[in-house]
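Chains as they are written, first to last, in this note's numbering: chain G, 1 to 164; chain Y, 1 to 140.
Source of the hints: derived by calculation from the structure; they are not laboratory data.
From the three backbone atoms N, C-alpha and C, an ideal C-beta is built for every residue, glycine too.
Hints are not guaranteed to be accurate.
[As the list claims (entries may be wrong)] Which bits of chain G does chain Y cover? Going by a derived footprint, with three or more residues having C-beta under 8 Å, they are: (1) 94-102; (2) 148-162.
[Claimed, not checked] The calculated lysine to aspartate or glutamate pairs, modelled on EDC-like cross-linking and capped at a C-alpha distance of 16 Å, are: (3) Y:Lys45 / Y:Glu109; (4) Y:Lys28 / G:Asp60; (5) Y:Lys78 / G:Asp139; (6) Y:Lys118 / Y:Glu138; (7) G:Lys69 / G:Asp139; (8) Y:Lys78 / Y:Glu109.
[Stated by the list, open to error] Now the in silico label distances, taken between C-beta atoms and shown as ranges: (9) Y:Glu24 / G:Met21: 53 to 59 Å; (10) Y:Ser82 / G:Glu31: 40 to 46 Å; (11) Y:Ser82 / G:Val94: 42 to 48 Å; (12) Y:Arg119 / G:Tyr105: 44 to 50 Å; (13) G:Ser144 / Y:Leu6: 52 to 58 Å; (14) Y:Ser9 / G:Ser144: 34 to 40 Å; (15) Y:Lys106 / G:Lys112: 21 to 27 Å; (16) Y:Arg121 / G:Asn118: 39 to 45 Å; (17) Y:Ile41 / G:Lys112: 24 to 30 Å; (18) G:Pro109 / Y:Arg121: 25 to 31 Å; (19) Y:Val30 / G:Ser8: 28 to 34 Å; (20) Y:Glu128 / G:Pro109: 54 to 60 Å; (21) G:Asn118 / Y:Ile41: 15 to 21 Å.
As a plain string of letters, each chain reads:
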Amino acid sequence: MDYQGQISIEFMMIMATIPMMLLLMATFTCESSELTLAMAAARNGATQGASLDSLAVYPDQAFSNYSQKNQRLLLPSRVQILGIEYQNQGYNPVYQKTKIQIRAYASDPTLKTRGDKNCMGERINYYIRKSIAGTFQTDHMSNSVFNPAFSHRYYYTTADVKWC
Amino acid sequence: MSGEFLLASMVFLIILSGIIGIAEERSKSVYSIQESVEARIIAEKVAQSLEDAYSGGNGHELIVEMSPSINGRDYRVKINSSGVLVDMGSRNCFSTYLAPRVTGPKHTEKNIVLYPSKRYRITHQRDEDGNHFLVIQETI
Numbered sequence: 001m002d003y004q005g006q007i008s009i010e011f012m013m014i015m016a017t018i019p020m021m022l023l024l025m026a027t028f029t030c031e032s033s034e035l036t037l038a039m040a041a042a043r044n045g046a047t048q049g050a051s052l053d054s055l056a057v058y059p060d061q062a063f064s065n066y067s068q069k070n071q072r073l074l075l076p077s078r079v080q081i082l083g084i085e086y087q088n089q090g091y092n093p094v095y096q097k098t099k100i101q102i103r104a105y106a107s108d109p110t111l112k113t114r115g116d117k118n119c120m121g122e123r124i125n126y127y128i129r130k131s132i133a134g135t136f137q138t139d140h141m142s143n144s145v146f147n148p149a150f151s152h153r154y155y156y157t158t159a160d161v162k163w164c
Numbered sequence: 001m002s003g004e005f006l007l008a009s010m011v012f013l014i015i016l017s018g019i020i021g022i023a024e025e026r027s028k029s030v031y032s033i034q035e036s037v038e039a040r041i042i043a044e045k046v047a048q049s050l051e052d053a054y055s056g057g058n059g060h061e062l063i064v065e066m067s068p069s070i071n072g073r074d075y076r077v078k079i080n081s082s083g084v085l086v087d088m089g090s091r092n093c094f095s096t097y098l099a100p101r102v103t104g105p106k107h108t109e110k111n112i113v114l115y116p117s118k119r120y121r122i123t124h125q126r127d128e129d130g131n132h133f134l135v136i137q138e139t140i
C-alpha cells in the first residue's frame, strides 16, 4: 500500500480548528484590550482634569461662569483622584455598542460647597471622556463635550464624581 | 507561518496601536498641564510682586520681568482691582493680591496690561490724603 502524499484526518482537523481558535482568541483579545485601553485613557483624563482643576486654569466660558457663581474655584485647590471604576450596562441598540459607565472617586479638603464640587467633578468627567475619544480617535463622532465618547465596540458615559 | 506566530503578531499589533493612542493622549495632557503650570506661576509671581511692593512701604520699588511666552504661546497679564488675570486667549488663570489700589503711570488707570518679554517697575506711593497705592510702569 502506498502511503505517500496522504495526510491523516487528525492533521486536517487540527489545521481546520487552529484558524477558528485564532479568530475567537483574537476577538476576545480585542474586546478586553479595548476596555483596558479605555480605562487607561480614563485614568489619564482624570489625572489631567484634577491637575487643571488644582491649578485653576479654565477656558473662557468656564472662567466667566465661575467668576459669577463659584469664585472659590478661581483659586488653586488640591484635587486628588482616589480611583476610577466602570460598570458594563449592556448593549444599546441605538448606538449598536455596549454602554460603559465610568465613575471617578476624588477628594479635595479645600472644597466645601456642593456647587464647587459639582463644577470640579464635571470638569474631571469632561477630561475623562475627551481622553477616551482622543485615544480611539473618535472625536468626530461625539459632540463638543464628548458625551458620550466612543471606541469601536463600546460607548462611554460618566456618572457624577463621588467626593470622599 | 505557524499559528502561534500569527496570534502573537496579532496581539502585539493590537496592543501597540492602543499604546500609541494612550501615549499620544498622555503627551497632549502633559503639554496642557505644563502650560497651565507656567500660567499659574506667572499669575502668582505678579500677585506676589504687588504684595511685596505694598508691604515694603512708601517708596519701595521692585522690577518684575515677564516671560517671553507660556509654553510658546502669547499671553497678556491684566491687573485690576479684583486681581491678576493671565489671559492666554482660550484659557485664563486668576490670582488675588492684598493691595488697596494699583494704577499706571498716569495714576488714573484702573486696568493695567502687562506684555510678554517686558520689564515693569512697581512703585509704592502715597497721595496727599495719605492713601497708599502701587504704580506699574514699563521700564528698560
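Now for the hints, and whether the structure bears them out:
Residues of the segment 94-102 of chain G lying with their CB closer than 8 Å to a CB of chain Y number 0, which falls below the three-residue condition for coverage. With a threshold of 8 Å between beta carbons, the proposed coverage of the segment 148-162 of chain G by chain Y is violated, since 0 of its residues qualify and at least three are required. About 21 Å separates the Cα atoms of lysine 45 (chain Y) and glutamate 109 (chain Y), which puts this hinted pair outside 16 Å; it is violated. Between lysine 28 (chain Y) and aspartate 60 (chain G) the CA atoms are separated by roughly 20 Å; this puts the pair beyond 16 Å, and the hint is violated.
Between lysine 78 (chain Y) and aspartate 139 (chain G) the alpha-carbon distance is near 34 Å, which puts this suggested pair outside the 16 Å criterion. A threshold of 16 Å between alpha carbons decides the hint, and for lysine 118 (chain Y) with glutamate 138 (chain Y) the separation of about 7 Å falls inside it, so the pair holds. For the given pair, lysine 69 (chain G) sits about 30 Å from aspartate 139 (chain G) by alpha-carbon distance, which is inconsistent with the 16 Å threshold. For the proposed pair lysine 78 (chain Y) and glutamate 109 (chain Y), the alpha carbon gap of about 12 Å is at most 16 Å, so the pair holds.
Distance hint for glutamate 24 (chain Y) and methionine 21 (chain G): a CB-CB separation of about 33 Å, inconsistent with the stated range 53 to 59 Å. With their beta carbons about 52 Å apart, serine 82 (chain Y) and glutamate 31 (chain G) fall outside the hinted range of 40 to 46 Å. A C-beta distance of roughly 47 Å is found between serine 82 (chain Y) and valine 94 (chain G), which places it inside the suggested range of 42 to 48 Å. A hinted range of 44 to 50 Å holds for the C-beta pair arginine 119 (chain Y) and tyrosine 105 (chain G), which are about 46 Å apart.
Distance hint check: the CB atoms of serine 144 (chain G) and leucine 6 (chain Y) are about 42 Å apart, inconsistent with the given range 52 to 58 Å. At about 39 Å, the beta-carbon gap between serine 9 (chain Y) and serine 144 (chain G) stays in the expected band of 34 to 40 Å. At roughly 42 Å, the beta-carbon separation of lysine 106 (chain Y) and lysine 112 (chain G) lies outside the given 21 to 27 Å, and the hint is violated. Against the hinted window of 39 to 45 Å, the Cβ-Cβ separation of arginine 121 (chain Y) and asparagine 118 (chain G) comes to about 43 Å, which satisfies the hint.
Roughly 26 Å separates the CB atoms of isoleucine 41 (chain Y) and lysine 112 (chain G), a value that falls within the hinted 24 to 30 Å. The hinted range of 25 to 31 Å is not satisfied by proline 109 (chain G) and arginine 121 (chain Y), whose Cβ atoms lie roughly 40 Å apart. Valine 30 (chain Y) and serine 8 (chain G) have their C-beta atoms about 58 Å apart, which leaves the hinted 28 to 34 Å range violated. Taken as a hint, the range 54 to 60 Å is violated for the pair glutamate 128 (chain Y) and proline 109 (chain G), whose Cβ atoms sit roughly 47 Å apart.
Between asparagine 118 (chain G) and isoleucine 41 (chain Y) the C-beta distance comes to about 28 Å, which lies outside the given range of 15 to 21 Å.
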